[in-house]
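Undergrad: On the provided structure of chain Y, position chain S as indicated by the hints.
Protein chains in written order, with my numbering: chain Y, 5 to 239; chain S, 5 to 239.
It cannot be assumed that every hint is accurate.
In this list, chains with the same sequence are indistinguishable; a pair is considered to hold if it fits within one copy or across any two.
Listed next, the in silico DSS-like pairs over lysine-lysine satisfying Cα-Cα at most 25 Å (straight line) [unchecked claim]:
hint, residue 1, residue 2
1, 213, 238
2, 169, 204
3, 150, 239
4, 138, 65
5, 6, 60
6, 6, 204
7, 190, 169
8, 136, 238
9, 77, 238
10, 150, 6
11, 233, 113
12, 191, 213
13, 77, 138
14, 113, 150
15, 239, 94
16, 6, 65
17, 190, 238
18, 136, 190
19, 94, 190
20, 65, 77
Note that these hints are calculated values from the structure, not bench results.
Number of protein chains: 2
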Amino acid sequence: MKNIDVCLTPELLHQYNLENKIVVVVDILRATSCMVSGFSNGVTEIIPVSTLEECKALQEKGYLAAAERNGSKAEGFDLGNSPFEYLDSKMKGEKVAVTTTNGTLAINKSLAAKEILIGAFLNLNALVEYLKNKEEDIIILCAGWKGKFNLEDTLFAGALAHQLKEDFQFACDAPLAAEAMYLTAKKDMMNYMRDSSHAKRLSKLNVVKDIEFCVQESIYDIIPYLDGKSLRLKK
Amino acid sequence: MKNIDVCLTPELLHQYNLENKIVVVVDILRATSCMVSGFSNGVTEIIPVSTLEECKALQEKGYLAAAERNGSKAEGFDLGNSPFEYLDSKMKGEKVAVTTTNGTLAINKSLAAKEILIGAFLNLNALVEYLKNKEEDIIILCAGWKGKFNLEDTLFAGALAHQLKEDFQFACDAPLAAEAMYLTAKKDMMNYMRDSSHAKRLSKLNVVKDIEFCVQESIYDIIPYLDGKSLRLKK
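Next comes chain Y alone, as it looks inside the complex (with noise of 0.2 Å):
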């Protein structure tokens, strides 16, 4: 039976061989949500940097230059990391070039895969549907928070893997817990995230109106992926 497994952060990776498979990056706060949210919003193309300064050369050649650093917008840059600033009408036929503190890393150190889609809550069942009938096993890639286990992405985790459990068998103890913490979860996932470290830190910059957003399953029906060094939508 075709397996599915959960790296609980980037820095255990390399215990995963990554040959043949297709790796689900998440970073529910908040990166992988603004990508999906971009996307849907008309998007046409996101590219993953590691630093400020590759994201300040794209700007020059006409992206959008989106900059977060420990949870805040860096100075002298299009957007945030907030998903409502990919809600707007202008961000229609745009391209976008980003650097964020963990997830643009998880991307990055996911290239031996095979395919490398991009997940959140807010297209869950777009990758259930894409994913279920795949031979390939799956590694769902939580991107953490500076190489520690987070809550968020961990649930995620949890939803994807509790999703296709009919099709695939859980390869270690990781998708197990994670399926375990979603389906307790699941309930009331804000007040689950009220106590997490990540709420905590976004709480204080005021945005917990992102994370109410980042936790709604499945309202848009899309899967960005991994096209060279570029995020494209997939047709």
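TA: Only chain S this time, still in chain Y's reference frame:
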């Protein structure tokens, strides 16, 4: 307020500053459960070592030699890693040298800590009583399985974090998640663990009885700690 944190596998321990911290090492199935069982049944000293060779060398000096590799007793050794082997009255007064896949490694990686304690469900309350009045921050280090997250060590971490949350605040999302898993699992720990990868391995090796033994809470009122290279009992 004092902090309590959980490190989900030794491979993430470099992210934690151990200085002046108390580390509780946990390898529920089965190294630390065996250690707690052994001390409770009269063992006077346990030396954790990394290799079979070191273990053999101590055997020649009069130690009972305990060795497990991949879940089974290694050839030519006195003890494997079933806690039942440590319940024998013949253990009284004995010294034991032990090498295990994950537990020894976790102890050796924790040497920078101020104090290293051995944790298991079997001595949970003893740990709570000892730790709740300490001034130092606490890190619960899950030994995991070959560098990966595992369920049973995380459940123990959740149990200990839960019992200490009146006196310590959670330092990140890992104790929060571990606590949630424990609170979900505690009503029927055996059923919850039946799906775990470790339980599946052990079930193949016909030692489900070991798991039933190891998930018993607080049947022993002792705390082993690292004293130089040896584990001894706290007075």
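Undergrad: Let me make sure I understand: some of the numbered hints might not hold for this structure. Which ones are they, in numerical order?
TA: 1, 3, 4, 5, 9, 13, 16, 17, 19
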